[in-house]
Each structure stands twice: as structure tokens, then as C-alpha cells.
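Kindly produce the complete structure, drawing on both the sequences and the hints.
Chains as they are written, first to last, in our numbering: chain A, 76 to 387; chain B, 5 to 280; chain C, 5 to 280; chain D, 93 to 373; chain E, 93 to 373.
Hint data in this document are derived by calculation from the structure and do not stem from the laboratory. As the structure is a computational prediction, the values presented were derived from the model and not from experiment. Certain hints may be false.
[Unchecked claim] Taking lysine to aspartate or glutamate pairs in the EDC-like style, the calculated list, with each CA pair at most 20 Å apart, reads: (1) A:Lys-213 x E:Glu-316; (2) E:Lys-317 x A:Asp-216; (3) A:Lys-307 x A:Asp-340; (4) A:Lys-259 x E:Glu-316; (5) A:Lys-235 x D:Glu-316; (6) D:Lys-317 x A:Asp-216; (7) A:Lys-362 x E:Asp-267; (8) B:Lys-164 x E:Asp-267; (9) A:Lys-218 x E:Glu-168; (10) A:Lys-80 x D:Glu-316; (11) A:Lys-80 x D:Asp-146.
[What the hints assert, rightly or not] Estimated spans, in silico, between C-beta atoms of each pair: (12) E:Ser-201 x D:Ile-171: 38 to 46 Å; (13) A:Glu-364 x E:Ile-157: 45 to 53 Å; (14) E:Gln-158 x A:Gly-306: 35 to 43 Å; (15) A:Pro-326 x D:Ile-171: 49 to 57 Å; (16) B:Pro-250 x D:Asn-260: 24 to 32 Å; (17) D:Asn-260 x E:Gln-158: 51 to 59 Å; (18) E:Ala-213 x D:Asn-260: 25 to 33 Å; (19) B:Glu-199 x D:Tyr-280: 29 to 37 Å; (20) B:Arg-203 x E:Leu-352: 45 to 53 Å; (21) A:Glu-364 x E:Ile-361: 53 to 61 Å.
The beta-carbon is built from N, C-alpha and C at its ideal position, and this holds for glycine as well.
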Amino acid sequence: QDKVKVGAYSSVSDAPLYIALEKGFFKEQGLDVEMVKIDSGAALTTLLSTGDLDASGGSPGAGVYNAVRQGLQFKIVADKGSTLPGHGYFAFVVRKDLADQIKTPADLKDRSLAVTGYKVGASSEVTIGKLLASGGLKESDLKMTNMTFGDIAAALGTKKIDVGVLIEPLVTQVEAQGIATIWKRADTVYPNQQYGALMYGPGIIKRQAVADKFMVAYLKAARFYNAALAGKASKDELVQILTKHTTVKNPELYKTMKFPGIHPDGKLNTAGMAEDVKWWHANGRMKEEVKLSDIVDQSYAERAKKQLDASR
Amino acid sequence: MLRVDPLDKANPRDGGGGAVSAGTKIAVRGLAKQFQAGAATVSALEGCSIDVAEGEFVTIVGPSGCGKTTLLRIVAGLETPSQGSVSIRHRDAGKPLSTMVFQETSIFPWMTVRANVGYGLMLRDVPRAQIDPVVDKFLALTGLERFADAYPYQLSGGMKQRASVARAFANDPEVLLMDEPFAALDEQNKILLQEELLRIWGETRKTVLFITHSIDEALVLSDRVLVMSARPGRIKADLRVNFPRPRAAMDLRGDPDYARLSREIWLMLREEVVGR
Amino acid sequence: MLRVDPLDKANPRDGGGGAVSAGTKIAVRGLAKQFQAGAATVSALEGCSIDVAEGEFVTIVGPSGCGKTTLLRIVAGLETPSQGSVSIRHRDAGKPLSTMVFQETSIFPWMTVRANVGYGLMLRDVPRAQIDPVVDKFLALTGLERFADAYPYQLSGGMKQRASVARAFANDPEVLLMDEPFAALDEQNKILLQEELLRIWGETRKTVLFITHSIDEALVLSDRVLVMSARPGRIKADLRVNFPRPRAAMDLRGDPDYARLSREIWLMLREEVVGR
Amino acid sequence: MRIATADEVRVLPDDTAGEPAWKKLTRQGWFLAVASPVLMLVLWEILVRVKLLDARFFPMPSVVIQDLLTQAMHKELWIHTGYTISRMLIGFVLGAIPGVLLGIAMGLSPVLRQLLQPAIAAIYPIPKVALFPLIMLMFGLGESSKWVIVGVAVFFQVLMATLAGVVNIERVYLDVAADFRARRWQAYRTIALPAALPFIFTGFQLGLGMSLIVVVIAENFGTEKGLGYVIWHSWQIFEVRDMYVALILVALLGYLSQLLLARIERAVIPWRRPVRQNLNT
Amino acid sequence: MRIATADEVRVLPDDTAGEPAWKKLTRQGWFLAVASPVLMLVLWEILVRVKLLDARFFPMPSVVIQDLLTQAMHKELWIHTGYTISRMLIGFVLGAIPGVLLGIAMGLSPVLRQLLQPAIAAIYPIPKVALFPLIMLMFGLGESSKWVIVGVAVFFQVLMATLAGVVNIERVYLDVAADFRARRWQAYRTIALPAALPFIFTGFQLGLGMSLIVVVIAENFGTEKGLGYVIWHSWQIFEVRDMYVALILVALLGYLSQLLLARIERAVIPWRRPVRQNLNT
Ligand SMILES: Nc1ncnc2c1ncn2[C@@H]1O[C@H](COP(=O)(O)OP(=O)(O)OP(=O)(O)O)[C@@H](O)[C@H]1O
Ligand SMILES: Nc1ncnc2c1ncn2[C@@H]1O[C@H](COP(=O)(O)OP(=O)(O)OP(=O)(O)O)[C@@H](O)[C@H]1O
Ligand SMILES: [Mg+2]
Ligand SMILES: [Mg+2]
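Below you can see the structure in the form of C-alpha cells.
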């Protein structure tokens with residue numbers, strides 16, 4: 076059995092990893108997978124670079140690109156979260172008492188907006204950038220702050236901020252608790268944005284056979300995920316797995332919340348990623364642009380797709 | 005803790021000793037002092053009575069730890085006695101009653117030598133212009149002119165001790181209380197300073213209570229030598245020293261009385277020390 | 005830095021002084037020492053020559069800072085001279101040649117009094133069973149029996165100094181180098197220890213080079229008194245002291261020779277000190 | 093006293109004047125020593141109860157203590173504590189041993205000292221926690237990076253203290269050793285080491301305090317164990333009472349570790365004058 | 093020497109033996125003082141160039157210095173530095189002033205000391221950064237929470253040092269003041285304050301070092317300005333060279349602030365014996 080150490084955030088977008096683990100897809104491929112919880116993009120780059128992780132879920136943000144530019148060898152290999160239409164996993168929420176004052180992007184002027192990962196080159200920054208641009212605003216026109224998701228929810232409650240960018244299930248929760256209302260889901264602002272991806276580190280890239288087997292299991296799980304959401308497979312089973320592994324522990328929440336989009340073939344939106352890189356560079360999040368072709372390697376997913384399609 | 009009372013309000017608890025003659029400057033009556041050292045009680049002084057006349061130079065000798073410093077501190081008002089009383093006649097309210105020269109190094113490291121010597125005057129808000137000549141005079145007497153603006157760390161141990169003698173002199177008290185002031189000095193400076201002290205005393209007629217370990221020093225300086233017994237200290241002998249003044253240390257050496265007196269004191273002390 | 009050579013390989017650079025008589029234990033020839041103090045050069049010793057005979061007790065007196073300690077340190081081999089030479093005859097290779105009692109407090113705070121006194125023997129790997137009786141003997145002589153297992157912080161300054169004297173005695177060297185060993189003691193203990201020192205010296209016939217500020221001490225103890233001039237130190241006078249031994253400090257006081265000698269030394273020193 | 097002049101006389105009483113009662117009470121130090129923290133807690137409790145203190149930030153001591161007792165029943169709290177202690181100790185040992193060795197070597201060798209001193213003097217004032225991100229990059233997020241950062245912080249404290257100890261040995265002790273013809277290693281063993289020991293322990297003391305600081309910070313990264321993690325995590329999820337429980341344990345850890353070190357010091361350095369009692373000025 | 097016995101004689105040379113040349117060179121302390129850091133940097137550069145050091149974690153000094161110079165042209169770097177300095181200073185002042193005042197008051201009043209000492213002794217060993225989450229809860233994520241946490245850390249260092257200074261005033265100085273009948277405020281001004289000053293400055297020195305540590309940590313939270321932010325941020329986005337630039341500035345800040353404090357101390361305490369020169373054991 077080949078050992079593989081995989082990092083994940085315990086987020087719903089890590090679903091394929093947990094599915095593959097629980098439904099034995101990894102075992103089928105002869106892989107002994109150990110899941111490691113990570114808590115930040117910095118942790119991801121650090122652990123992949125020191126070889127403590129072979130693969131990891133993560134966000135293709137400036138930190139990852141910078142690390143690659145400075146000689147760390149890892150590749151972005153498959154989709155693990157994007158704003159496919161209908162998959163508004165992220166959302167802009169507005170404080171309840173301000174809901175009628177903030178209707179268009181232009182209303183954000185001089186408001187305070189909190190986001191997780193502000194200035195570190197996070198995907199949501201690009202989303203915000205697009206939203207502001209559509210209202211003719213710049214970042215400097217409002218008060219932007221960096222907060223963890225939990226803080227954003229609390230700060231909305233204590234009226235310390237006006238608008239926040241939240242992730243599910245907090246989006247659903249704050250609305251249910253009457254703290255804030257959902258203003259715009261991310262898929263309506265910037266559809267198809269690649270905010271999550273599966274990455275391979277040097278530890279697994281060196282073992283191509285293992286890397287391929289891992290991808291087969293991963294895509295198999297991604298397909299189960301999509302099937303379950305579409306009602307073609309047991310959603311209960313999906314919810315059970317997610318309840319066990321992710322931070323969303325209340326099964327009720329899965330009934331109302333939006334799920335992240337995960338392409339059944341693991342296909343990455345490379346055009347969107349290139350657009351993001353341009354934005355980060357233009358807005359001072361990255362010192363140099365990177366060539367995506369050096370970083371993205373979809374060949375694993377393509378081979379796995381062929382194998383899965385053939386065996387169907 | 006310390007009170008300066010006019011005479012007529014004198015303390016009614018005054019010791020049993022009773023009458024104090026008119027010429028008496030310091031009257032110590034039945035003084036005793038116990039210290040609490042952890043659980044144990046150390047008796048440092050016991051039933052100690054002394055009379056010192058106006059202008060008299062009295063020396064106290066005694067074995068180490070017998071309570072000499074304790075006695076002096078009580079007289080200075082720095083320590084309260086456990087029993088007994090001390091009274092000192094204060095002639096001129098404009099002058100300090102007593103000033104002490106301490107056994108340890110006691111000049112302030114954070115003041116220049118000049119500021120140290122002028123400390124007493126400064127506290128009494130004497131104007132700078134009046135302080136300076138006094139300070140200069142005593143710096144010259146103690147051979148410290150060149151170090152007026154030095155800080156104590158730049159002085160040797162002996163020089164520091166000389167500065168603290170100068171500080172006491174400059175304060176111009178009626179009573180000088182000196183606790184082994186010259187012990188840290190080398191013999192040569194010691195003898196020079198002894199002569200200086202005698203000269204100043206001769207001029208100003210201060211009353212001096214002087215502690216020393218040196219029998220020679222006691223004999224050269226004083227009118228009377230009090231010998232104390234080992235702890236708890238009491239006065240064991242009271243010897244009059246009648247050499248004519250002015251005295252010079254080296255001139256006394258040949259005097260047979262000198263040899264006799266120093267031998268007598270030595271034997272008394274030896275008796276006390278032998279137990280160590 | 006320090007070499008012990010057999011005599012026949014004696015240093016050819018030996019000073020001009022030349023002949024050293026057969027009874028000579030220590031021969032100091034044309035010794036000079038300059039210190040570098042920042043940019044300035046301080047000349048501490050200049051052209052200093054001394055002969056000390058086997059078993060002789062020689063005292064050095066001199067004004068403060070005249071270079072006495074420097075001289076003793078060079079003899080001990082702790083300092084290299086700038087010019088001149090020192091030779092010491094080493095009779096018994098099994099015994100240490102010289103041991104010094106330092107002017108400052110020098111017993112180790114981290115050892116008990118017993119360990120301090122036995123330090124020299126311990127370094128020579130003498131077995132514990134042989135060290136103990138020697139240490140006990142010298143602790144008794146210095147009145148420290150009851151403090152054998154105390155640490156130095158529990159001792160008074162005088163007791164520490166007595167312990168360092170005991171440490172030197174216990175090391176049993178041929179030459180004792182003593183730098184004001186009794187200066188920190190009170191008069192009574194000082195005189196007792198002087199008598200002890202004379203007794204031990206009389207028994208063991210060590211050669212002693214002894215520095216003191218006290219003229220009395222010099223006269224009571226030594227066969228010869230060397231008077232040094234102020235810095236740069238040189239030998240100004242070499243006086244023989246002929247009082248019969250055994251001497252007792254207090255018995256000498258009446259002797260007219262004693263008064264004469266002490267006066268003579270005093271005048272010489274005074275001349276040197278006056279500049280301060 | 094019956095002298096009939098107008099002179100003044102200074103008279104001292106012939107027995108100790110009675111002190112006021114409250115002063116006598118305060119003399120009994122233990123009374124205040126116990127009274128003051130208890131009083132503080134009671135005051136706190138009352139202020140919260142009458143809502144003068146915000147219970148969200150200052151939960152009542154009674155509640156916190158109850159929480160602590162409840163959590164003490166479960167082994168989880170002790171696992172956190174164990175992680176913190178083990179990180180502190182491993183890091184401390186990792187830093188202290190080379191610190192003492194290099195300190196003594198530099199203290200005794202002027203060449204080594206002059207060679208390394210400038211570089212060390214340049215690194216010394218950097219707050220070592222600022223190096224933590226660098227160390228995480230090099231050693232990852234696991235235990236080793238925590239040991240290393242604690243070790244680095246402790247190392248410099250102990251090194252500087254030891255160096256100061258060896259360099260400041262009273263000259264006269266070395267002279268005595270030379271005069272008694274001590275061999276080199278004898279001089280190390282009997283003079284240099286014991287003379288520097290009090291300084292070395294000062295370094296240990298500073299280093300131990302620093303190690304707890306650094307551990308608490310390091311436990312904000314890449315771990316779900318340790319009291320530091322509990323504190324940061326409680327902050328993020330606004331569980332103030334859990335935070336207080338962890339704070340109490342951290343405080344106890346700091347206090348007890350210093351107490352233990354002081355015990356060890358007293359055993360290793362019996363020649364030190366006991367610390368001066370409080371002085372009543 | 094012509095004594096014809098078999099006795100041994102110890103002979104000392106009549107002039108100083110020549111030292112080896114290298115030893116003479118090392119005597120010139122400044123040579124090594126300059127040589128060693130330069131040598132270290134050169135060695136580092138070479139090790140990276142021959143790939144013995146990982147350039148990803150240890151970028152070449154030449155590159156880092158170039159980065160530093162480039163960034164020094166833009167005002168952004170100086171804004172970060174300015175924020176860090178101002179937080180340090182404001183926090184320092186906020187903690188140091190009450191620290192000195194309470195320290196002197198407690199030092200002089202046994203009642204106050206016995207009342208507060210136990211509570212302070214209990215809080216002292218808590219690493220103050222562990223209180224940072226609590227302080228963020230109370231004061232939010234803005235500047236004030238940073239000032240407060242720095243202030244708290246500095247306060248305790250300065251308080252303890254001042255207290256020690258006042259309590260440990262040599263008894264004899266107070267005796268002299270009493271003997272000279274100094275009035276209460278005269279004794280404060282001429283004895284208590286100057287005698288405690290060296291201790292107070294020791295407290296300042298420790299507090300200043302602590303303030304930089306705490307600022308660097310605090311700048312990991314709720315700010316986008318400050319050198320600490322740059323360090324943590326660079327770690328998150330893997331900009332190692334930026335991290336080094338910020339580290340250099342933090343080190344300089346630590347070094348220069350201590351230097352400045354030492355200058356001030358020397359001006360305020362002229363009576364202190366100048367520090368002993370390096371001792372050649
Ligand atoms: N504050 C104190 N607490 C406890 N014991 C004390 C205190 N002050 C002095 N003693 C004790 O009282 C005794 C007398 O001390 P004192 O200092 O008066 O002696 P002394 O005659 O001056 O000695 P020396 O000649 O060594 O100076 C000693 O045994 C000393 O230990
Ligand atoms: N290591 C040194 N560096 C510079 N100067 C020194 C050094 N050692 C001694 N001196 C100077 O040399 C002179 C002689 O010093 P030494 O200690 O020998 O005097 P001393 O006669 O022993 O004085 P005292 O009687 O005060 O002990 C003094 O002026 C002293 O300052
Ligand atoms: Mg005394
Ligand atoms: Mg000397």
C-alpha cells in the first residue's frame with residue numbers, strides 16, 4: 076500500500092477527499108491515505124514545501140503562486156471548489172438594519188466591509204474587486220478589514236461592520252438568526268471563479284503511478300458528490316460523511332445551504348485563474364505575475380477521466 | 005519616632021538615674037536594646053548609662069558585636085531603645101543637634117563629592133553661595149579638593165570615608181557621633197585625619213562620641229575611654245586620659261603612662277575577646 | 005608565564021645586581037613595572053631590589069598606591085615585571101614554593117570554610133583523610149572551628165580574612181606572601197592573630213614577606229622593615245628590628261627604642277603621604 | 093529632667109511607643125498575603141454580579157473555578173497542559189545546554205568571544221518570535237518548529253547570562269587559583285563554573301519565562317493541542333470561560349516552573365545568601 | 093645566578109615575552125568586531141551560491157540588501173516602520189509611567205506593598221501575550237488593543253524593577269537622611285528616586301525588549317501596517333525576501349532603541365561606574 080498524506084481544511088469543499096476516504100475509493104486504488112487538518116494557506120505552502128504533505132486541498136491564491144515562483148515545486152491538478160452558477164458557497168451579507176440602505180454596489184461607499192484573507196491575495200478579493208468595479212468604486216472608497224469568518228459573523232452582530240463576505244453554513248446561519256441578510260451570492264458576482272483546487276506536492280509528483288491512482292479515487296468521489304446533489308445518489312450518505320468530517324456538524328443546515336461547485340472531471344477554469352493572477356498583480360498582492368502553465372497540470376485529471384469513462 | 009522637645013516638656017518617663025548635672029551634654033540612662041532576629045531575641049545592650057560633658061571627647065572601645073553601633077544609633081535617634089532613655093541638651097536651635105559618621109560607606113553614590121559634603125546644608129535650604137565656601141573648607145581639610153566634582157565611584161575606599169567625615173563636619177552639629185570613621189583608612193591618612201579632627205574639635209568645642217577598635221586611636225584622641233563588655237554590652241570601665249593637648253600621635257608613644265593605659269585597656273578587651 | 009627552573013638553568017638575563025649570597029631565599033633585582041591605563045602609562049615600581057634571607061620575616065610599609073601589592077604579585081608570579089628579575093630558591097619540590105594572602109576578600113563564596121582552607125591540598129590531590137586534620141588545626145588557630153561547615157556569606161569580614169590566612173597556612177609553602185592580611189580585623193583579633201602568626205613562623209621557619217600599613221604591626225612582627233617611597237615605588241629605607249623574641253605587642257609599648265623606631269618610620273611615611 | 097536653662101533637650105522614650113492596631117495587623121504579613129487575592133476575587137465577583145463588570149469578558153471567578161474543576165475531571169485539559177509543558181521543557185533543554193556551553197567557552201576564550209560577540213550582539217535584540225514564521229517555513233508546522241523557536245529564545249538568554257557570569261568572575265579568585273597552581277581543568281571546575289552558576293541560573297529563569305511566552309504564541313499555529321491553542325481558539329469562537337481556564341493554568345505553569353527552578357537553584361547553589369526579607373522602610 | 097646548590101629556583105623573565113602575532117591582532121578588538129559579521133554575511137552568500145543553503149529560506153544577503161535598498165525608496169516601508177515604532181512607544185509610555193509610580197509607592201509603603209504584592213506576584217509569571225486574546229475581546233482589533241497589551245507587558249517589568257530598586261536601597265542611605273533630618277519629600281527626591289534609578293532603567297530595558305516582542309505578535313492581528321504585519325503576511329503569501337527585509341528592520345529597531353535607552357541612562361545616571369571593559373581572562 077502506498078502512503079499518501081493529504082491536507083484539508085475540514086471545509087465542505089473538501090468533500091471529494093472525505094467521500095473517497097469514507098467510501099473506500101482510496102483503498103480500491105491501494106492507497107493508504109492519512110488526512111491532516113490545515114488551517115491556513117500559509118500552513119498549506121509550508122507543509123507541502125517541507126514534504127509533510129503529499130497533496131492538499133487549498134486555494135489557488137497569491138501565496139501558492141509566490142511559493143511556486145520562488146522554487147517550491149507543486150502543481151495545481153484539479154478543481155476543488157468554484158462558483159459554478161447555483162453554487163454560491165460564498166456570499167456578501169449585509170447587516171440586518173442596513174439591508175435597505177445597501178442595494179447596489181455603489182451603496183458600499185464609505186461602508187466597512189470585512190473579508191477573510193484581505194491583502195493576502197485571496198480569491199474573494201477578486202470577487203470584491205469585480206463587485207466594486209461594477210459600482211465604480213475602488214478599495215480605498217470603503218473601510219476594508221481582515222477577519223476570520225467567525226469574527227465577521229460576530230462583528231455583524233455587534234454592528235462593528237456593515238458588510239461581510241461569509242462562507243456557508245455561516246451565510247445561512249446569520250440570516251436565520253436575523254443578524255444579516257444575504258445580499259449577493261458569489262456566483263452572481265463572479266461566476267466560475269476557481270477558489271479551491273487540489274494540489275500535488277513534490278512528494279507525490281515523484282510517484283506518478285500513485286498520483287494517478289489518487290486522482291482516480293478523487294474524481295470518482297467528485298462524481299458521487301455531484302450525483303448526490305442532483306438527487307441521483309444518496310444525499311443522506313453525503314450529508315453523513317460531511318457531518319462527520321467538516322466543520323458543519325448540524326445535519327439540518329445541509330438542507331438549506333448552498334454547496335460549492337466541483338467539476339465532475341476535475342476541470343480547472345484556467346482562464347479565470349489567469350484573470351485572477353492579473354488582478355492580484357495589478358493590485359499589489361503579487362510582486363510578479365506567474366505563468367500558469369508552470370503551475371497547472373491537468374494531465375492527471377485527464378488520464379483519470381479517461382480511465383473512469385472507460386470503466387463506466 | 006524621633007522627637008525634639010523643649011526641655012520643660014521633658015519626658016516624665018526619664019530613667020531612674022535622676023539628676024543630670026548642669027554641664028552634661030548627653031545623658032544615657034539604663035539603656036537596653038533587644039533585637040528580634042527571627043524567633044530569637046538578641047540582647048545587644050543592657051543597662052548602659054553614660055554621661056558626656058559639654059565639649060568632651062569620649063571614646064568607646066569594645067569587642068566586635070558588643071553593641072557600640074547600636075548605642076550610637078540610639079543616641080542619634082535612629083533606633084528606639086527597649087528600655088532606658090537618652091537626653092541631649094540642644095543649645096542652639098539654629099544648628100543641628102547631632103550628626104553621625106557611619107561605620108559603613110555612607111556617602112551617596114549619586115551625588116558628587118561636593119554635593120555629598122553639602123548635603124546637610126542643602127537640606128536646610130542654605131543658599132548655594134553660603135554652602136560652597138564651607139564645603140571647600142572641609143574638602144581641603146580632608147585632602148579632597150581635587151575631587152570636588154568627582155562621583156564616589158571614582159574614589160578609593162579611604163577617600164569615600166574622608167568625604168563622609170567632611171559631610172559631618174560641614175553640617176556643624178553640636179554633637180558629633182563617629183562610628184569607627186577612620187577604620188578603613190591607611191595608617192598614614194588615619195593619623196593625619198586624627199590630628200585634623202583634634203584641631204577642629206579644639207576650635208569648635210563640639211561634643212564628640214567616638215567609637216574605635218584601636219586603643220592607640222582612643223588614647224590619642226579622647227578625654228575619656230569607655231570600655232564595653234561583650235554582648236550584651238554594658239560599660240565595663242571608664243578611664244580618664246590626661247595627656248596634655250595638643251597631642252601628636254607619635255609624641256605619646258614614649259610616655260610610660262601611655263604604655264600602661266594601653267596595656268590596661270588591652271587586657272580588659274582581651275578578656276572579652278577570648279571567647280570570640 | 006611562570007616558570008620553575010632548576011637553579012643551574014638560571015635566567016641569563018638576571019639583573020645587574022649580581023651575586024646572591026647562599027642564605028638568600030628571595031632575590032629581587034632592579035624590578036620595574038609599568039601599567040597601561042588607557043592611553044597613559046602608570047609606573048608602579050621602579051628599580052626595586054630586595055634580598056630576603058631564609059626564614060626571615062620582612063615587612064614592607066609604604067604610602068597607599070606605592071606599588072606594594074604589585075611587588076608582591078610579581079614575586080608570587082602573578083604578574084610579569086617590565087624590567088628586572090625575581091628569583092626564589094625552592095628547597096623542597098614536594099612543598100609549594102609560595103602562597104599569597106590577598107588584600108581583598110579572596111576566599112571562595114561557593115566553598116565551605118573547610119573546603120576553602122583545604123583548597124591547596126585538594127588541588128595537589130592529597131587524600132581527604134590527610135587534609136582534614138591539617139584543616140582542623142588551622143581552623144582552631146584562627147578561631148573558626150565552629151564555622152567549618154559554614155559558607156562565607158555567614159561570616160563577618162574579619163572571619164573571612166582569618167579563613168584566608170588559614171588557607172595559606174594549610175598550604176604549607178616555603179614562602180608566605182601576605183598583603184595586609186589583618187587590615188580588615190578589629191584591633192583585638194588583629195593582635196591575637198599576630199601572635200599566632202609569630203608562633204607558627206617560629207615553629208616552621210617560613211620566609212615571610214608581609215605588607216602592612218600599620219607601623220605597630222611592622223615593628224611587632226618583623227626582623228626588617230622596608231619603607232617604600234610613593235609611586236613609582238622604590239625601597240627608601242631598610243630598617244632592622246632587634247627586639248627579642250618572642251614578642252608580645254603590648255610589652256613593646258614601653259620600650260624607648262620602639263617609640264624611636266615608630267617615630268622614624270612615621271616621619272618617612274609622612275613625607276611621602278603629604279602630597280596625598 | 094530638672095535642668096533649669098532654656099536649652100532644648102531631645103528626649104527619647106524609654107520604651108517602644110504603642111503602634112496603631114492596624115499597623116500591628118499589617119506586620120503579620122501572611123494576613124495580607126492571603127487577604128488580598130481573596131479580597132480581589134470577592135470584589136470581582138460582586139462587580140460582575142451587580143453588572144459593573146461585563147460578564148462576557150470577566151466571567152465570575154466562581155463560575156470560572158467551577159469550569160476549571162469540571163474540566164479537570166476530563167483528561168482533555170490535562171492533554172493540553174501536557175503538550176504545553178513538553179514543548180516548554182524540550183525547547184528549554186534544547187536551548188539551555190548549548191547556551192551554557194557556548195557561554196562558558198566564550199567567557200574563557202577572548203578570541204572566541206571577540207569573534208562571536210558582534211554577531212550575537214546583532215541577533216540578540218531581535219525579538220525571537222519574529223523569527224517564528226521563518227522557522228515554520230524551515231521546520232514545518234509540527235512539534236519541531238515549536239521546539240526550535242523555544243530553543244532559540246532560551247539559547248540567547250542563557251548564553252548572555254552565562255557569558256556575563258564567566259566574564260565577571262572576580263579577578264582575585266582567578267589569582268588565587270593561579271597562586272595555588274591550579275591546573276586548567278581544576279580552575280574550570282573549582283572556579284569558573286561555580287562562580288558563574290548564579291548568573292547561569294538567572295539566565296535559566298529569564299529563559300524559562302521566555303519559553304512560556306514563546307510556547308503560547310507558537311501554539312497559535314499548526315496544532316490543536318496545548319494551552320496556547322485553547323486560548324487562541326477560545327478567542328476565535330468567543331468562549332471566554334474556556335480562555336480563563338487556560339489562562340489560569342498558564343499562570344500556574346509559569347508560577348510553578350519558576351518555583352521549581354528556584355528550588356533547584358537553592359539546592360545547587362547552597363552558598364548563596366538567602367534572599368533578603370522584605371524590608372520595612 | 094651562581095649559587096651552587098641543587099636547590100630549585102623560580103626565575104621570572106626580566107621583560108615581557110613576545111606574544112604570538114595572531115594574539116596581538118585579536119587584541120585589536122575592533123578588527124574582529126567588524127570582521128566577524130562581515131565574514132558571516134560573506135560565508136552565508138557563498139553557502140547559498142554553492143547551494144549548501146536553501147535560497148528559498150535563506151536568500152542571499154546581497155539580494156536582501158538590494159531589496160531593502162529598493163524598498164527604502166518607497167514610503168510604504170517607512171509607514172510600516174512608523175506604525176511599529178509608534179505602537180511600541182505609546183505602549184511603552186502607557187506601561188512605564190504607572191509602573192514607576194506604583195513601584196516607588198509600593199517600595200516606600202509597606203502596607204501598600206503587602207496589600208498588592210501577592211496579587212502582582214500571581215499575575216507576574218503569566219506570559220502577557222497570553223492575555224492578548226482577552227484584550228482583543230475587550231478593546232477590539234484596533235490600535236488601542238495593541239497599546240494596551242504592550243503597556244501591560246511593560247508595566248509589570250518596570251513595576252517589578254522599580255520595586256526592587258526602592259526596596260533594596262542600602263539601609264544606611266536612609267539612615268543618613270534620617271540623621272540629617274531630611275523631610276519626607278526631601279528623602280524621596282534625594283535618596284529614594286536616585287537610588288532606585290539604575291533599577292528603573294533595568295526595568296525600562298527589559299520592558300523595551302518585551303514591547304518589541306509584543307508588538308510583533310500583536311501586528312499579526314487586525315492590522316495591515318507595521319513590521320510585524322509584514323513578517324506574518326510575508327509568511328502567509330510566501331514572500332521570504334520581504335520577511336527578511338522586515339526582520340532586519342525589527343532587529344535594527346531593537347538594537348537602536350536599546351542604544352538610545354543606554355544613552356539616556358548614561359545622561360540621567362552620571363554617577364554610575366562605566367561598564368567594565370572586556371576582560372582578557
Ligand atoms: N537590626 C538588627 N537585628 C538583629 N540584630 C541586630 C541588629 N542590629 C544589630 N544586631 C545585633 O546586635 C549586636 C550588636 O551589634 P552592633 O552593630 O551594635 O555591634 P558593634 O559593637 O557595633 O560591632 P562592630 O564592632 O563589629 O561594629 C550584634 O550581635 C548584632 O548582630
Ligand atoms: N592592573 C593595573 N592597571 C593599571 N594600573 C594599576 C594596575 N594595578 C595597579 N595599578 C596602579 O599601580 C599603582 C600601584 O598599585 P598597588 O596596588 O601595587 O599599590 P599598593 O601599594 O598595594 O596600594 P594599597 O596600599 O592601597 O594597597 C597604583 O597607582 C595603581 O593604580
Ligand atoms: Mg559597629
Ligand atoms: Mg595593595
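Going straight from one Cα to the other, do A:Lys-259 and E:Glu-316 come out at no more than 20 Å?
violated (27 Å)
Between A:Lys-218 and E:Glu-168, does the CA-CA distance stay at or below 20 Å?
holds (19 Å)
Is D:Lys-317 within 20 Å of A:Asp-216, Cα to Cα?
violated (41 Å)
Starting from E:Lys-317, check that the Cα of A:Asp-216 is at most 20 Å away, please.
Holds - the C-alpha atoms of A:Asp-216 and E:Lys-317 are around 18 Å apart, at most 20 Å.
Do the alpha carbons of A:Lys-80 and D:Glu-316 lie within 20 Å of each other, as the hint requires?
This hinted pair holds, its Cα atoms lying about 18 Å apart.
Range hint 38 to 46 Å: satisfied by the CB atoms of E:Ser-201 and D:Ile-171?
holds (45 Å)
Please work out if A:Lys-362 and E:Asp-267 have their alpha carbons no farther apart than 20 Å.
violated (68 Å)
Does D:Asp-146 lie within 20 Å of A:Lys-80 when you go C-alpha to C-alpha?
violated (46 Å)
Holds or violated: the 25 to 33 Å window for the beta-carbon distance between E:Ala-213 and D:Asn-260?
holds (29 Å)
Verify the proposed pairing of A:Lys-235 with D:Glu-316, using a straight-line Cα cut of 20 Å.
Violated, at about 29 Å.
Taking the beta carbons of E:Gln-158 and A:Gly-306, is their distance inside 35 to 43 Å?
Check failed, 60 Å falls outside 35 to 43 Å.
Is it true that the C-beta distance of B:Pro-250 to D:Asn-260 lies inside 24 to 32 Å, as the hint says?
violated (49 Å)
In summary, the structure is inconsistent with hints 4, 5, 6, 7, 11, 13, 14, 15, 16, 17, 19 from the numbered list given earlier, while agreeing with the others.
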